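My request is simple: use the sequences and hints to build the entire structure.
Chain by chain, the residues run as shown.
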Amino acid sequence: MQRIIAIAWLTWKAALRFRLFLVIAVLLLAAVVGLPVMIKDDGTARGFTQILLTYTLSAITGLLGLSTLWLSCGTLARDIEECQIQVVATKPIARWQIWLGKWLGIVILNAALLAISGACVFGLLQWRAAHLPAAEQKILREQVLVARGLARPQSVDAQINAQTKQVLEERLKSSPDLAGSADLPEVEKQIREQVKAIYQIVPPGYSRQWRIDLSSQMNSLRDRPLQLRIKFNSAGGGTGRTFAGFWQVGDAQKMEPWQSESMSLSSDTFHEFQVPANLLDDKGVLAIAFLNPNDTSLLFPVEDGVEVLYPEGGFALNFARGLGIIFCWMALLAAIGLMAASFLTFPVAAFFSMAVLAVVLSSGTLADTVASGSVGVGNDEKGIPGHSPADMVLIPVFKGILVIVNLAKGFSPIDSLSGGLAITWGELGAAFGQIVLLLGGIIGIIGIVLFSRRELATAQGNQ
Amino acid sequence: MSARAKRFLLLVLAAALLIVSGQVQKSMNRDRVQLGLTIGEPLQNAPPMLAFTTVALGGFRGLISNMLWIRANDLQMDDKYFEAAQLADWITDLEPHFAQVWNFQAWNMAYNISVKFKENAPGDYSDRWRWVQRGIELLRDSGLRYNPDEISIYQNLSWFFQHKIGQNLDDGNLYYKRQWAEAMTPFFGTGGTNFDNLIHPQTAGERTNAMVLREKYKIDPVFAQKVDAQYGPFDWRLPEAHAIYWAALGLKMAEENPVKAKADDLLTLRRVVYQSTLQAFHHGRIISNPFTKGVELAPNLDLASKANDVYLGSMNADLENSNHISAAHRNFLRDVVYFLYENNRMTEAAKWFKYLGDKYPDMRIVDNDPNSLPKNLTLDEYAVAVVQIDIGETSQERVTSAVQGLLTHAYIDLAIGQDDRAAGFQLLAEKVHANYQAKMGRDQPRAALPPMNDLKRTVLNMLLDTQQGLPFAARAALRTQLRMPAETNTPPVVATNTSSAMATNVLETVSTNSAPPVLP
Numbered sequence: 118m119q120r121i122i123a124i125a126w127l128t129w130k131a132a133l134r135f136r137l138f139l140v141i142a143v144l145l146l147a148a149v150v151g152l153p154v155m156i157k158d159d160g161t162a163r164g165f166t167q168i169l170l171t172y173t174l175s176a177i178t179g180l181l182g183l184s185t186l187w188l189s190c191g192t193l194a195r196d197i198e199e200c201q202i203q204v205v206a207t208k209p210i211a212r213w214q215i216w217l218g219k220w221l222g223i224v225i226l227n228a229a230l231l232a233i234s235g236a237c238v239f240g241l242l243q244w245r246a247a248h249l250p251a252a253e254q255k256i257l258r259e260q261v262l263v264a265r266g267l268a269r270p271q272s273v274d275a276q277i278n279a280q281t282k283q284v285l286e287e288r289l290k291s292s293p294d295l296a297g298s299a300d301l302p303e304v305e306k307q308i309r310e311q312v313k314a315i316y317q318i319v320p321p322g323y324s325r326q327w328r329i330d331l332s333s334q335m336n337s338l339r340d341r342p343l344q345l346r347i348k349f350n351s352a353g354g355g356t357g358r359t360f361a362g363f364w365q366v367g368d369a370q371k372m373e374p375w376q377s378e379s380m381s382l383s384s385d386t387f388h389e390f391q392v393p394a395n396l397l398d399d400k401g402v403l404a405i406a407f408l409n410p411n412d413t414s415l416l417f418p419v420e421d422g423v424e425v426l427y428p429e430g431g432f433a434l435n436f437a438r439g440l441g442i443i444f445c446w447m448a449l450l451a452a453i454g455l456m457a458a459s460f461l462t463f464p465v466a467a468f469f470s471m472a473v474l475a476v477v478l479s480s481g482t483l484a485d486t487v488a489s490g491s492v493g494v495g496n497d498e499k500g501i502p503g504h505s506p507a508d509m510v511l512i513p514v515f516k517g518i519l520v521i522v523n524l525a526k527g528f529s530p531i532d533s534l535s536g537g538l539a540i541t542w543g544e545l546g547a548a549f550g551q552i553v554l555l556l557g558g559i560i561g562i563i564g565i566v567l568f569s570r571r572e573l574a575t576a577q578g579n580q
Numbered sequence: 002m003s004a005r006a007k008r009f010l011l012l013v014l015a016a017a018l019l020i021v022s023g024q025v026q027k028s029m030n031r032d033r034v035q036l037g038l039t040i041g042e043p044l045q046n047a048p049p050m051l052a053f054t055t056v057a058l059g060g061f062r063g064l065i066s067n068m069l070w071i072r073a074n075d076l077q078m079d080d081k082y083f084e085a086a087q088l089a090d091w092i093t094d095l096e097p098h099f100a101q102v103w104n105f106q107a108w109n110m111a112y113n114i115s116v117k118f119k120e121n122a123p124g125d126y127s128d129r130w131r132w133v134q135r136g137i138e139l140l141r142d143s144g145l146r147y148n149p150d151e152i153s154i155y156q157n158l159s160w161f162f163q164h165k166i167g168q169n170l171d172d173g174n175l176y177y178k179r180q181w182a183e184a185m186t187p188f189f190g191t192g193g194t195n196f197d198n199l200i201h202p203q204t205a206g207e208r209t210n211a212m213v214l215r216e217k218y219k220i221d222p223v224f225a226q227k228v229d230a231q232y233g234p235f236d237w238r239l240p241e242a243h244a245i246y247w248a249a250l251g252l253k254m255a256e257e258n259p260v261k262a263k264a265d266d267l268l269t270l271r272r273v274v275y276q277s278t279l280q281a282f283h284h285g286r287i288i289s290n291p292f293t294k295g296v297e298l299a300p301n302l303d304l305a306s307k308a309n310d311v312y313l314g315s316m317n318a319d320l321e322n323s324n325h326i327s328a329a330h331r332n333f334l335r336d337v338v339y340f341l342y343e344n345n346r347m348t349e350a351a352k353w354f355k356y357l358g359d360k361y362p363d364m365r366i367v368d369n370d371p372n373s374l375p376k377n378l379t380l381d382e383y384a385v386a387v388v389q390i391d392i393g394e395t396s397q398e399r400v401t402s403a404v405q406g407l408l409t410h411a412y413i414d415l416a417i418g419q420d421d422r423a424a425g426f427q428l429l430a431e432k433v434h435a436n437y438q439a440k441m442g443r444d445q446p447r448a449a450l451p452p453m454n455d456l457k458r459t460v461l462n463m464l465l466d467t468q469q470g471l472p473f474a475a476r477a478a479l480r481t482q483l484r485m486p487a488e489t490n491t492p493p494v495v496a497t498n499t500s501s502a503m504a505t506n507v508l509e510t511v512s513t514n515s516a517p518p519v520l521p
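Just so you know, the sequences run in chain order A and B. So the first sequence is numbered by this note's numbering: it starts at 118 and just counts up by one. So the second sequence is numbered by this note's numbering: it starts at 2 and just counts up by one.
To be clear, the hints were calculated from the coordinates, so they are not data collected in a lab. Note that the coordinates shown come from a computational prediction; the quantities given were computed from them, not determined experimentally. Just so you know, even glycine gets a beta-carbon here, dropped at the ideal spot from N, CA and C. Mixed in with the good hints, there may be bad ones.
Some chain B residues close to chain A (C-beta under 8 Å, calculated; not the full set) [said to hold, decoys possible]:
id, residue
1, D80
2, A86
3, W130
4, A318
Some chain A residues well away from chain B (every beta-carbon gap over 12 Å; in silico) [to be verified]:
id, residue
5, W126
6, K130
7, R136
8, V143
9, I156
10, Q203
11, L295
12, I315
13, P342
14, F360
15, A361
16, M380
17, V487
18, S489
19, G536
Next comes the structure, spelled out in structure tokens:
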């Protein structure tokens with residue numbers, strides 16, 4: 118361990134000697150201080166805080182990510198190319214220790230930079246919040262500078278699957294030809310949507326009730342108001358139309374429920390509103406009912422149609438956990454850069470690392486392609502799917518890439534922080550496990566093997 | 002020559018060349034346009050950072066703009082709007098001469114994003130209003146700055162005022178109107194027509210006002226006065242006046258730059274003018290209610306003549322659509338007659354009723370009544386018919402409710418000093434009552450309406466109720482107008498009104514058939 122720490126210390130010294138640490142620190146601080154002056158917000162304290170959080174943390178992630186890749190590629194590749202590694206390698210130290218030492222040095226450097234810039238962002242947010250009017254502060258402390266847990270009604274996926282299967286079987290009995298047809302997946306999809314609609318639609322003049330189990334938080338939520346987050350879709354009306362709605366929260370048979378005035382709500386968007394405290398029943402279940410007084414049906418998606426946001430913790434710890442996930446990403450990038458530098462020259466390693474980053478950033482396109490089932494272009498208007506001979510190879514490859522990418526990309530600390538949503542210790546632990554231990558570990562092992570097998574002296578000929 | 006002197010000379014030379022190239026740039030830009038060397042015109046009035054960005058990025062501007070556009074779209078799909086203003090700013094900065102980009106981004110903010118926000122508290126649509134303002138500001142403050150002769154931007158800007166704020170399709174329209182009126186009152190005064198102080202400011206405050214109106218709201222008071230003279234008089238605290246202002250400015254720009262003017266754009270601008278004039282006629286006057294501290298919108302009847310001229314002008318200018326415009330004109334004339342009648346301006350109502358008959362003698366004037374040609378109806382019959390179309394003339398409950406509604410209007414107008422309107426509403430209530438009784442009451446006594454005096458008393462008692470009625474000050478004003486005794490803590494017994502031509506005694510708590518005090 119002492120040897121690894123010695124290499125880490127050498128990496129630190131190199132970073133300080135080349136003023137890399139100073140330059141990145143200044144750039145990060147400039148981004149944190151300069152962005153609030155440059156950005157144009159929506160005019161609310163809430164909007165400003167959200168955009169500030171998003172842009173500063175994105176800038177920190179971007180700057181730190183690029184510098185990490187650059188540094189990790191450079192520190193190993195240049196040592197090899199400039200033959201300095203030969204001085205180290207001839208010492209009683211294993212190759213894997215050199216590799217891990219450099220990784221540890223970069224990771225600690227990142228931790229320090231992240232801590233400094235994160236502290237600045239946090240301080241800036243608190244300072245700005247403290248100078249706002251009381252009403253704005255209240256909104257900010259309740260909706261953004263907070264860690265809110267999210268609870269949903271119990272999943273109805275099992276019921277939907279069972280009913281879909283049942284209806285499909287009945288359909289196959291009545292139309293046996295369908296069994297071998299290429300349309301079967303599409304038919305099943307349509308049946309599923311029809312079944313799903315039963316759990317989602319609130320017809321005109323009708324009401325629907327959801328029950329959300331908050332028993333595990335029952336005691337901590339006593340005397341604390343909750344936020345209801347709702348979203349619905351509608352086939353009626355254009356984008357400018359709004360719909361009336363009445364909400365009732367609390368089981369009317371057990372308590373005096375809270376009832377809203379008529380609300381003017383638009384479709385296809387999330388709405389958040391506060392409901393009073395102490396509306397859970399004696400088992401910790403919150404009953405929520407919606408009455409649809411409109412002339413058209415409204416559809417509340419089972420996934421996120423009705424959710425309850427409840428206070429779970431403070432912003433400071435949540436922010437720290439968010440930075441923790443960003444730190445995990447940096448650790449992974451350091452491993453990628455070092456792995457590339459273990460067998461490539463500095464420019465090629467840098468190019469390779471950037472290419473990997475580009476693949477990660479374009480995973481949305483890959484996901485769209487996998488969802489459409491083909492790399493070919495179809496006709497959406499006529500419902501004709503695309504087709505290409507390359508699909509047999511590319512789609513499974515894309516699926517594989519997505520599985521790997523999503524291990525790291527499946528976490529969104531910046532979105533959670535700007536939305537005031539809690540990042541749990543479990544999430545942070547999962548991020549560490551998946552990103553650092555699993556992905557970073559695999560890449561590290563590959564990098565160490567490549568570095569251990571590399572003939573270091575051959576690089577001398579390139580000079 | 003020493004190295005230091007050489008460096009100094011080179012610096013001076015560089016500065017001189019920079020100044021000269023700046024001068025040459027102007028003529029080069031002119032030549033670029035004249036010789037057709039470039040598709041896009043050089044950027045005018047841009048701040049240095051924007052000018053630098055557009056030049057430095059070159060062909061990559063479109064690419065970056067596309068990426069930002071995709072991000073904006075993705076965020077919007079995820080209901081994240083806090084970045085929308087910033088992204089719209091960047092996108093339009095990258096494509097400052099592309100009018101559709103300005104129009105789309107502004108429309109998106111004013112229409113698509115604004116409605117995503119719910120009512121914050123009853124009647125409070127401040128979150129929506131912020132986005133409507135953003136849309137207007139984007140076009141007015143930036144879009145027109147870089148594209149002063151782009152007609153479609155004027156068209157969209159005027160449409161925002163006419164449709165988004167002026168009409169009632171958005172639940173928040175009253176909030177928008179109130180906010181806009183509050184913003185404009187310092188400039189146009191409580192009457193909404195204060196041009197003198199803006200054009201010839203005398204005091205420091207007036208000069209500041211004029212400057213803010215020009216700099217912040219981009220309104221030229223001289224042109225506004227010209228618009229008011231041509232199409233008005235308008236209340237410039239209301240959105241319709243501003244819709245017409247921007248449409249008129251667009252038409253002026255089109256005249257000056259005929260190459261830029263497309264026929265469709267001109268047509269739309271003319272439509273904005275006559276539709277906004279009609280809107281202003283319908284609700285272009287603000288009536289303050291000092292008791293509720295609220296405001297109400299009432300027809301701007303003084304616009305009838307000008308609005309009529311605008312219709313006639315539009316029919317002549319747009320022959321292809323003259324049939325549609327003439328149908329709208331006929332509807333407008335019917336409204337003119339009814340509103341004048343409702344406001345007790347009988348002479349004018351009769352004049353316009355005759356004009357309607359002369360202009361459209363072969364077209365019915367009451368919906369669903371094939372015999373309602375102008376020659377077959379009197380003015381009174383027409384006014385009553387209009388009310389009864391809405392309420393259904395055979396419904397006892399609905400006619401009763403309508404008569405009570407008209408009487409409520411009459412008493413409230415009386416309390417706030419709108420005597421003509423009060424008299425008009427009372428007259429209309431009596432005509433509706435009489436007409437119904439004549440048709441239904443005699444043949445079917447069970448379906449007869451309560452006597453008019455009973456209805457008046459019910460309404461008056463309701464309004465004067467100390468718990469559920471009007472605010473104290475309004476009750477006091479109404480009592481004064483009706484010459485009733487002042488309110489006391491003890492239940493009122495009898496009040497006598499002897500001055501009014503229509504006056505009779507009133508009992509608030511004694512049940513008799515004697516009539517309550519009525520409008521003077």
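Each hint tested on the structure:
1. D80: 5 Å, holds
2. A86: 5 Å, holds
3. W130: Nearest chain A Cβ about 10 Å off; hint violated.
4. A318: 30 Å, violated
5. W126: 41 Å, holds
6. K130: 38 Å, holds
7. R136: Holds, since 28 Å exceeds 12 Å.
8. V143: Holds, because the least Cβ-Cβ distance between A:V143 and chain B comes to about 22 Å, which exceeds 12 Å.
9. I156: 5 Å, violated
10. Q203: 43 Å, holds
11. L295: 34 Å, holds
12. I315: Holds, because the least Cβ-Cβ distance between A:I315 and chain B comes to about 25 Å, which exceeds 12 Å.
13. P342: 16 Å, holds
14. F360: Contrary to the label, A:F360 does not stay out of reach of chain B, its closest Cβ about 10 Å off (not over 12 Å).
15. A361: A:A361 not clear of chain B: closest Cβ-Cβ about 9 Å, inside 12 Å.
16. M380: 6 Å, violated
17. V487: 18 Å, holds
18. S489: 17 Å, holds
19. G536: Non-interface label on A:G536 violated, nearest chain B Cβ at 8 Å vs cutoff 12 Å.
In summary, the numbered hints that this structure violates are 3, 4, 9, 14, 15, 16, 19.
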